[in-house]
Every structure is written in C-alpha cells, then in structure tokens.
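J.: Sequences listed follow chains L and U, in order. Read in order, the letters of the first sequence correspond to residues 37 to 470 in this note's numbering. Read in order, the letters of the second sequence correspond to residues 17 to 560 in this note's numbering.
Simulated from the structure, these hints should not be mistaken for lab results. There could be a bad hint or two in this list.
Stated by the list, open to error - Pulled a few chain U residues facing chain L out of the computed Cβ check, cut under 8 Å: (1) R82; (2) R140; (3) T233; (4) S236; (5) Q266; (6) I380; (7) Q387; (8) S395; (9) A397; (10) P524; (11) A528.
Keep in mind the model is a prediction, meaning the values are calculated, not measured. No residue lacks a Cβ here, since even glycine has one placed at the ideal position from N, Cα and C.
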Amino acid sequence: MRSGFHGFCSAAALVAALSTGGAALAQDASGDTIKVGILHSLSGTMAISETTLKDAMLMLIDEQNKKGGLLGKKLEPVVVDPASDWPLFAEKARELISQQKVAATFGCWTSVSRKSVLPVFKELNSILFYPVQYEGEESERNVFYTGAAPNQQAIPAVDYLMNEGVERWVLEGTDYVYPRTTNKILEAYLKAKGVAAEDIKVNYTPFGFSDWQTEVSAIKEFGAGGKKTAVVSTVNGDANVPFYKELANQGISAEDTPVVAFSVGEEELAGIDTKPLVGHLAAWNYFQSVDNPANAEFIAKWKAFTKNDKRVTNDPMEAHYIGFNMWVKAVEAAGTTDPDKVIDAMVGVSVPNLTGGYSSMGANHHITKPVLIGEIQDDGQFEVVYETPGLVLGDEWSDYLPESKPLIADWRAPMSCGNFNTETGKCGGAGASN
Amino acid sequence: MLTLPCRLLTLAFLALLACLGSGAAAFAQAGDPAQIVQKFGGKTSFEATEATVKELAATGDPAVARALNALAEGQLYYRKSDNRVFIASGGGDPLTLLDPLSGDPAGEEPSGNLAKVKIKNSIRRTVSDALGSLTLASPDPAKRLAAANTLFAGATPEQIETLDAAIAGEQLPDIRARLEQARAAAVLKSDRPEAEKLAAIELLGSRGDREALVVLTAASAGSAEAAVKAAAAKAAGAIEETIAFWAYAQNVWYGLSLGSVLLLAAIGLAITFGVMGVINMAHGEMVMLGAYTTFAVQETIRAEAPSLFAWSLAIALPLAFLVSAFVGLVIERGIIRFLYGRPLETLLATFGVSLILQQGVRTIFGPTNRQVGNPDWMSGAFEVGLMSVTWNRLWIIVFALIVFAALLLVLGRTSLGLQMRAVTQNRRMASAMGIRTPWIDAMTFALGSGIAGVAGVALSQIDNVSPNLGQGYIIDSFMVVVFGGVGNLWGTLVGAMSLGILNKFLEPFAGAVLGKIVVLVLLILFIQKRPRGLFAQKGRFVEA
Numbered sequence: 037m038r039s040g041f042h043g044f045c046s047a048a049a050l051v052a053a054l055s056t057g058g059a060a061l062a063q064d065a066s067g068d069t070i071k072v073g074i075l076h077s078l079s080g081t082m083a084i085s086e087t088t089l090k091d092a093m094l095m096l097i098d099e100q101n102k103k104g105g106l107l108g109k110k111l112e113p114v115v116v117d118p119a120s121d122w123p124l125f126a127e128k129a130r131e132l133i134s135q136q137k138v139a140a141t142f143g144c145w146t147s148v149s150r151k152s153v154l155p156v157f158k159e160l161n162s163i164l165f166y167p168v169q170y171e172g173e174e175s176e177r178n179v180f181y182t183g184a185a186p187n188q189q190a191i192p193a194v195d196y197l198m199n200e201g202v203e204r205w206v207l208e209g210t211d212y213v214y215p216r217t218t219n220k221i222l223e224a225y226l227k228a229k230g231v232a233a234e235d236i237k238v239n240y241t242p243f244g245f246s247d248w249q250t251e252v253s254a255i256k257e258f259g260a261g262g263k264k265t266a267v268v269s270t271v272n273g274d275a276n277v278p279f280y281k282e283l284a285n286q287g288i289s290a291e292d293t294p295v296v297a298f299s300v301g302e303e304e305l306a307g308i309d310t311k312p313l314v315g316h317l318a319a320w321n322y323f324q325s326v327d328n329p330a331n332a333e334f335i336a337k338w339k340a341f342t343k344n345d346k347r348v349t350n351d352p353m354e355a356h357y358i359g360f361n362m363w364v365k366a367v368e369a370a371g372t373t374d375p376d377k378v379i380d381a382m383v384g385v386s387v388p389n390l391t392g393g394y395s396s397m398g399a400n401h402h403i404t405k406p407v408l409i410g411e412i413q414d415d416g417q418f419e420v421v422y423e424t425p426g427l428v429l430g431d432e433w434s435d436y437l438p439e440s441k442p443l444i445a446d447w448r449a450p451m452s453c454g455n456f457n458t459e460t461g462k463c464g465g466a467g468a469s470n
Numbered sequence: 017m018l019t020l021p022c023r024l025l026t027l028a029f030l031a032l033l034a035c036l037g038s039g040a041a042a043f044a045q046a047g048d049p050a051q052i053v054q055k056f057g058g059k060t061s062f063e064a065t066e067a068t069v070k071e072l073a074a075t076g077d078p079a080v081a082r083a084l085n086a087l088a089e090g091q092l093y094y095r096k097s098d099n100r101v102f103i104a105s106g107g108g109d110p111l112t113l114l115d116p117l118s119g120d121p122a123g124e125e126p127s128g129n130l131a132k133v134k135i136k137n138s139i140r141r142t143v144s145d146a147l148g149s150l151t152l153a154s155p156d157p158a159k160r161l162a163a164a165n166t167l168f169a170g171a172t173p174e175q176i177e178t179l180d181a182a183i184a185g186e187q188l189p190d191i192r193a194r195l196e197q198a199r200a201a202a203v204l205k206s207d208r209p210e211a212e213k214l215a216a217i218e219l220l221g222s223r224g225d226r227e228a229l230v231v232l233t234a235a236s237a238g239s240a241e242a243a244v245k246a247a248a249a250k251a252a253g254a255i256e257e258t259i260a261f262w263a264y265a266q267n268v269w270y271g272l273s274l275g276s277v278l279l280l281a282a283i284g285l286a287i288t289f290g291v292m293g294v295i296n297m298a299h300g301e302m303v304m305l306g307a308y309t310t311f312a313v314q315e316t317i318r319a320e321a322p323s324l325f326a327w328s329l330a331i332a333l334p335l336a337f338l339v340s341a342f343v344g345l346v347i348e349r350g351i352i353r354f355l356y357g358r359p360l361e362t363l364l365a366t367f368g369v370s371l372i373l374q375q376g377v378r379t380i381f382g383p384t385n386r387q388v389g390n391p392d393w394m395s396g397a398f399e400v401g402l403m404s405v406t407w408n409r410l411w412i413i414v415f416a417l418i419v420f421a422a423l424l425l426v427l428g429r430t431s432l433g434l435q436m437r438a439v440t441q442n443r444r445m446a447s448a449m450g451i452r453t454p455w456i457d458a459m460t461f462a463l464g465s466g467i468a469g470v471a472g473v474a475l476s477q478i479d480n481v482s483p484n485l486g487q488g489y490i491i492d493s494f495m496v497v498v499f500g501g502v503g504n505l506w507g508t509l510v511g512a513m514s515l516g517i518l519n520k521f522l523e524p525f526a527g528a529v530l531g532k533i534v535v536l537v538l539l540i541l542f543i544q545k546r547p548r549g550l551f552a553q554k555g556r557f558v559e560a
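Use the sequences and the hints to build the structure in full.
T.: This is the structure:
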C-alpha cells in the first residue's frame with residue numbers, strides 16, 4: 037500500500053516536472069483559490085497547545101480574505117489533524133502538498149514533529165512555517181522558523197537573572213530534544229560566564245510528570261546554600277501545572293528562587309491559580325499584556341473570532357501572525373505562489389510584529405524579534421520587566437556549542453546553504469541533515 | 017529600531033512631566049513620606065521605584081508600611097491624569113481609592129484611568145527588607161514575627177542596634193528567640209569580638225534548620241578568625257547531619273504520598289480488573305470524568321454560591337461517583353458484557369472507548385487545561401521537624417485510606433459485596449444459587465468506575481484537569497494491581513505504597529526518568545519470580 041502510494045507520488049512529480057513544473061501543477065489544480073495548509077494536532081496530547089494555533093490561522097486567513105485575498109484569489113484554509121502522532125505528521129504533510137496542492141503550510145509544535153515532516157517538504161519542495169520556540173541547530177531551505185531560537189529566549193533570560201544577582205542555577209527540563217539541547221547550550225554559556233560546575237544542577241523528568249515533591253524539595257535544598265539561586269525551566273506542557281502547584285505549596289517564592297520558564301505562556305497559566313506564582317518569570321518574544329495599538333487590535337479580533345472574551349493570546353500565535361504576513365508579502369512580491377520564487381522573495385521581507393516594531397526574515401530563515409522577560413501577575417498575565425534594547429536575529433547554529441560554532445546558514449544565492457562551515461569553507465558541517 | 021528614539025523622547029517627556037507635577041513639591045519638603053510616596057506616580061523606571069522605596073523606608077515612619085505593603089501586593093496605582101498615587105483595593109470597576117499612607121477613603125475612579133505602579137522581584141525584596149525593620153514595633157505579634165524572620169534572612173551589621181532595642185522591648189518568648197537569632201546572624205557578619213561571634217554560632221547551631229545552616233556556611237567560609245571558622249563549620253556539620261536524617265523521613269513521606277495517589281488511581285481497577293478480570297483501558301478516563309465533574313461543580317459554585325467554595329470538593333465527591341459509575345454502567349451494558357472471556361477484544365474495545373471519551377471531553381470542555389481551585393484547607397504546608405508537609409498531600413493520603421476502608425467494607429460487609437465475591441469465585445454456582453450474575457457484573461463495574469471518579473476529585477487537586485489526565489495513570493494503575501496481586505485489595509494497598517516509596521527513594525539518586533525505568537525493571541523481575549503478584553489468590557477458582 038505505502039510503497040505503491042510513494043511510487044505514484046514520485047511518478048506524478050516526474051510527469052509534472054517534465055511538462056509544466058511542480059508549482060504550475062499546484063496552481064492549476066487549486067483553481068480560483070490559493071490553498072493554505074494548517075498542520076496542527078487537534079486531538080491527542082498536543083491538542084492543548086496546537087488547537088489554538090489552528091484557530092489563529094483560520095482567523096488570519098479570514099482577515100486576509102476580507103482584505104481581498106491574495107493575488108486576486110481567495111485563500112482557502114485546509115485543516116488536517118495529525119493527532120499528536122509524529123509519523124502521521126509526515127503523512128498529513130504529504131496529503132496537504134500532493135493531494136490538496138497547498139501553496140504553503142503552517143504547522144507543527146514539537147521538534148520531533150518538525151523533524152518528521154522535513155523530508156516531505158524537501159522532497160515535494162513546499163514551504164513550512166514553524167511557529168514555536170525550539171532548540172536551534174537546524175536551518176532548512178523549505179522551512180521558515182518564526183519561533184525563537186535559544187539566543188532569542190534562553191540566553192537573554194539567563195543574562196537578565198545574572199544581572200539580578202543569581203549565582204546558582206537549576207536547569208530543570210522535560211526529557212526530550214528541546215530541553216536537552218537548550219540546557220546543553222545554557223550550561224556551556226554559564227560556564228563561559230564563569231559559573232562553577234557545582235553551581236549548576238541539571239535535572240530531567242518524563243513527559244506529563246505530576247509528582248514533583250522530590251524535585252521541588254531538591255531545588256529548595258540546592259537554593260539553601262546561601263548563594264542566590266534561580267530555576268531555568270524547560271519543563272514542557274502539562275507537567276508545568278503540577279510543578280508550579282508544588283512550588284507554591286512548598287513555599288518557594290519568586291523573591292528567593294525565581295523560576296524562569298521558556299514553555300509557559302498565557303495559555304498554560306489559564307489552568308492555574310497564579311496568586312502564589314506572582315513574580316516567577318517567563319521569556320518570550322511577545323506577551324498579551326504588551327501595550328500597543330496593533331496588539332490591542334489583534335486581541336480584540338481574536339476574542340471576537342473565538343466568541344470568547346476569556347481567550348488569551350500567546351507567543352506562538354504572534355509567530356504565526358508574523359509568518360503569515362511575511363508569506364503574504366513575499367507572494368505579492370513574487371507575483372506567484374511558486375515555492376522557489378516565494379522562498380527567494382522571503383529573505384529580507386519585513387512586517388510589523390505585535391510588540392510595536394518590525395520583524396524581518398534573515399538569510400538563515402530565522403526572524404528578528406525583541407526578547408521580553410515578563411513576571412507572572414495574579415491575573416494570569418505577564419508584566420514585562422525587561423526588553424532587549426534592539427531586535428535579535430535568531431541564531432540557528434549556537435555559538436556556545438563547539439560542534440556548531442563554525443556553522444552558518446545563508447539561503448541566498450550563491451551560498452544557498454543551511455550549514456556552511458566557515459572553517460573548512462564547505463557546505464555541510466557537523467550535525468547537518470543534508 | 018525607528019521607534020526607539022521616539023520612545024526615549026516620550027519617556028524623557030513623561031519624566032519631565034512627573035518632575036513638574038509631583039517631584040517639585042518633594043524637593044521643597046524632603047523627608048515627608050506624604051511627598052515621597054507621590055514619586056511612585058507616573059511612568060518611572062524600576063530603579064526610580066526602588067530608590068523611592070528606600071527613601072520611604074529611610075523616613076522610619078511606620079505609616080509608610082501601608083503604602084509599601086500595597087506596592088508589594090500590586091495594589092498601588094496612580095491616576096493617569098495627574099499622577100497622584102492611591103491604594104486601590106477590592107477589584108471591580110470603578111475601583112475604590114484609599115490614601116496611600118493614612119488609608120482614608122479618597123473617592124473612586126474607573127480602572128481605565130488608573131495605572132498600576134510596576135514592580136519586579138528585586139523591588140519586592142527591597143520592600144520586604146524595608147518592612148522588616150519598619151514592622152518590628154508593630155502591635156500585631158504575627159507581623160513582628162514575620163519581621164523577625166525577614167531580618168534573619170537579610171541581617172546586616174547595621175541592624176544590630178535596632179534588634180537590640182526590639183529584643184529589650186519584646187514580651188513574647190517565641191518572637192524574642194527569633195529576634196535573638198536574627199541578631200546572632202547579624203553579629204556573624206559584623207566585626208564584633210570573637211567571643212560574641214562564638215556565642216552567636218552556638219545560638220544558631222541550636223536553631224538547627226536550613227536557614228541557620230545558610231548563615232553558618234557563609235560564616236565558616238567568610239570569617240577571618242580561625243576559631244570562628246572552625247566553630248561555624250562544626251555547627252554547620254551538626255545541622256547537616258540532622259538534615260540528612262530528616263531527608264529519609266521526607267523520602268518516606270513523599271513515597272507514601274505518591275503511593276496514596278497510585279492507590280487512588282488503582283483501587284477502582286483492582287475491582288474491574290482484579291475482581292472481574294476485565295482489562296479496562298478506559299479506566300483512566302473514569303478518573304478524568306471525576307476531575308471534570310469537580311470542575312463543573314466548582315464553576316457552578318463560583319457562579320451561584322461563592323460562599324460554598326470550601327465545600328466544593330465534598331459536594332463533588334458523590335456527584336463524581338455517580339457520573340463515573342453511570343458511564344461505567346453504560347460501557348458494561350453496552351460493550352463489555354458481549355466480550356466476557358475475550359480479553360483481547362475487551363482491551364481493544366475499551367481502548368476505543370477511552371479515545372472516544374477523551375475526544376468527547378475535548379469537544380465539550382475544550383482542549384486546554386481547566387482550572388480547579390484548591391480550597392484553603394488544601395493549600396500550603398506546615399513543618400514537622402525539618403520536613404515540610406503540604407496539606408494537599410496529607411489530605412490525599414487520608415482520603416485514599418478512607419476510600420480503601422470504605423471499599424473493604426462494601427466488599428466484606430454488604431450483600432452486594434457478598435454476591436460480588438460469590439460471582440467472581442464461581443459464576444455458575446452463584447447463578448445456581450439465584451444470584452443475577454449479569455446484574456452483579458454491571459454493579460461491580462459501576463462500583464469500580466465510580467471509585468475511579470472519586471479518585472478524579474482528589475487528583476484534580478494535584479494534577480492537570482485536561483482530557484489527557486487519565487492516560488498518565490492507566491499504566492501505573494495496572495502496575496500496582498499486577499504487583500499487589502490480582503483480586504486482592506490489600507495487595508493493591510501494599511503494592512501502591514511500596515512502589516511509591518521505592519520510586520521516591522530512587523528519584524534523588526537516579527533522577528525521575530531513570531528511577532521509573534528501574535522500578536519497571538524490578539517489577540518485571542518480580543513478576544518472573546511471582547507471576548501472581550505479592551498476595552496471590554489461592555484455591556481452585558484461580559485456575560479456572
């Protein structure tokens with residue numbers, strides 16, 4: 037069954053390439069609408085985070101259609117449900133590109149889902165917008181990363197805490213690729229800043245972990261050494277609620293031991309009573325509380341679209357907002373949805389973000405963003421306590437890991453390479469997938 | 017980037033306005049708290065706010081405590097039109113305004129016209145340090161105790177004299193002891209004579225907890241005199257030993273607590289799987305339904321009768337039992353009864369049911385977590401020796417044991433329990449004796465499901481209330497039942513507690529991930545040795 041399907045696909049692609057070219061096929065089949073793929077889990081464990089992004093995309097497409105669509109055509113969203121099942125992500129991506137002929141796809145949340153769809157997007161030469169903060173160490177021609185790389189989230193957060201006088205660090209994470217890589221980068225960064233090895237404690241817990249008693253009391257103990265201690269949390273998703281509840285119950289206050297989180301946003305806090313958590317931190321590139329007209333308008337539209345005035349907005353939604361507008365602008369500039377032309381037109385595109393500035397797409401397919409540090413408030417929102425003075429461009433290959441230090445990505449001609457090794461002067465460095 | 021100069025300009029302009037508006041008056045009368053407190057108004061930087069806090073504290077006027085407290089609690093606002101500072105309490109719209117120092121009513125204002133004075137952690141710390149010395153003389157003993165505790169943590173040599181005065185005036189022995197400890201901590205950081213420092217070390221050593229250890233470790237690392245260094249190190253060592261002892265107690269407690277959660281999750285399964293032999297993959301979803309019932313009850317209470325909130329869990333208990341029991345009954349009558357004796361089909365069918373229930377709940381309540389509040393008596397912690405015991409865990413242990421006892425009672429002392437046992441032991445014989453076995457099957461399954469629903473009420477207090485809640489417990493539940501011995505409730509109790517304690521003793525050394533793997537491996541080895549679990553049932557019917 038499967039091999040037959042693959043055979044059919046490559047045959048179809050071959051025919052298309054011979055006669056009219058892949059993109060022309062995509063446009064011919066779509067008729068008078070341009071299809072936009074939405075690849076977010078609507079069931080399974082990740083539905084908690086991804087359903088919101090599906091709704092956000094529907095709203096953005098709806099808005100664009102009200103403005104007259106794109107290239108004189110209406111946009112048509114195509115929603116599929118990969119059900120938090122990583123191999124299914126690849127199958128659904130193939131369905132979107134081959135059968136539905138979408139012009140671009142917005143989707144994925146976890147890194148493993150992104151890794152699973154990568155070969156599909158490369159093989160069928162289509163475009164993916166990935167809206168979630170991730171561990172970096174990747175740059176692909178067919179993917180645009182609108183979420184934060186570690187230098188746009190983790191490192192500024194650690195810098196902020198160092199300024200506040202923190203000397204001991206607990207790196208607490210869920211056991212999978214994003215926390216492990218981020219913590220590796222952070223550990224290297226902290227050591228480069230002169231933090232001793234015994235002042236860093238790294239600990240991992242399984243997905244969906246709920247009994248945090250031992251971990252929290254270990255943090256308490258680690259913090260009792262007299263030096264000011266902070267927790268850098270890459271704890272993911274559902275495990276955060278019991279983690280914060282236990283912190284509150286064991287009386288760890290933000291004044292003594294602040295917890296800075298990279299995966300906790302407005303949406304996650306909606307499930308907890310935040311009074312005991314006031315003062316704990318999160319680092320993002322956007323907060324709902326950011327006070328400016330563009331954001332106020334976005335929030336108002338979102339509440340009207342979802343018909344629920346309690347719905348919150350969050351950072352990955354803003355990433356989709358930026359990514360979608362960049363794609364619209366690039367398609368308008370290219371005058372076509374042909375992936376090759378759009379990919380070329382994307383680099384350098386600049387659109388307003390929701391924090392009062394402009395974000396632009398870099399040659400490494402990452403974007404520029406401000407980094408905001410916010411403190412949790414008792415109403416479940418964040419109050420910005422620090423903002424980087426300028427915009428920060430996502431650094432795909434971390435400078436703090438020896439194996440990726442010499443690598444850079446530049447997708448403009450003539451380099452057109454996602455992992456150019458500046459030491460050897462060749463494309464294709466360590467840790468590269470192509 | 018373009019906006020940056022603009023923003024700077026605006027800031028500068030605002031700062032100028034603030035200076036003209038309220039700052040000018042302050043220059044005229046430096047030291048007057050009523051003037052200083054107005055400096056919080058307007059858009060200021062965190063540094064300026066912190067400086068204002070210090071300036072307020074330096075006045076030494078006890079009245080500023082009100083303003084500082086309000087600042088720390090986020091109740092200090094300024095009016096956007098004239099930058100005047102108020103305390104706004106209560107919430108609602110318009111907000112009731114109070115004078116920041118006297119607390120006198122100062123009218124009300126729509127919340128749109130007010131802006132909160134922004135603070136961050138370092139300012140909160142400055143405020144609590146400032147409040148520490150300001151409230152030492154408060155008439156309220158609780159406030160004095162809190163002040164003594166903050167002073168202990170942040171004691172500085174300059175405070176020795178303030179502390180001496182406070183110690184002389186203090187009547188209550190508890191607070192007096194705390195003040196003396198705070199003084200000792202301050203002495204260790206000062207350049208007082210060696211004898212005084214040694215006395216301070218002795219005092220701190222007798223306090224013997226983690227906070228004292230922090231001070232002593234710092235003293236042994238930082239002091240110049242050899243005698244002081246040695247004495248501090250010795251006292252710190254003694255405290256470390258005590259702490260190590262308490263760490264064992266803490267691990268046992270955490271283990272019991274994890275065990276009680278496992279027990280709650282598994283005890284319903286001990287009936288449906290243990291007694292009836294049905295592999296019910298939808299068991300976790302019964303727990304989830306119980307948690308969502310709690311959520312629904314709390315929502316109703318919040319909307320209709322907020323005063324009943326403390327009782328919400330008690331009200332949710334019977335309802336959760338009924339909801340889950342009813343769903344269990346429907347599953348048994350609708351699906352499982354056609355599949356008795358076909359374990360594989362049962363497994364697949366109930367797995368399907370679990371997916372349907374999850375997605376159903378996701379459709380009705382949405383995919384995001386739902387907030388279930390903790391009543392006051394379930395929040396916080398208290399100290400036993402050097403071990404902190406959180407109230408929610410304590411109540412869950414008690415609750416798990418009550419549920420266990422109640423279930424034993426039902427099985428052992430009621431006619432329903434008698435018939436259940438009869439049917440499981442010998443179905444045909446029971447049927448011949450006139451017991452309606454299909455009816456008993458349905459009731460047993462409903463009972464097991466209902467118990468799972470009750471467990472959901474308890475788990476809603478410590479875990480996420482999301483459609484995935486049940487998934488996290490299903491594997492653990494099967495583990496406990498298999499380990500404890502299928503068909504034996506006592507086995508479930510002992511199994512849950514021993515797995516909990518084993519897990520918690522492994523966690524500090526091996527980490528949570530490896531700890532769980534080790535437990536699983538040990539369990540597999542154990543099952544190889546004793547395939548029927550800890551408390552194997554004996555007798556003819558086992559082989560049937």
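J.: Which numbered hints turn out to be false for this structure?
T.: 1, 4 and 6
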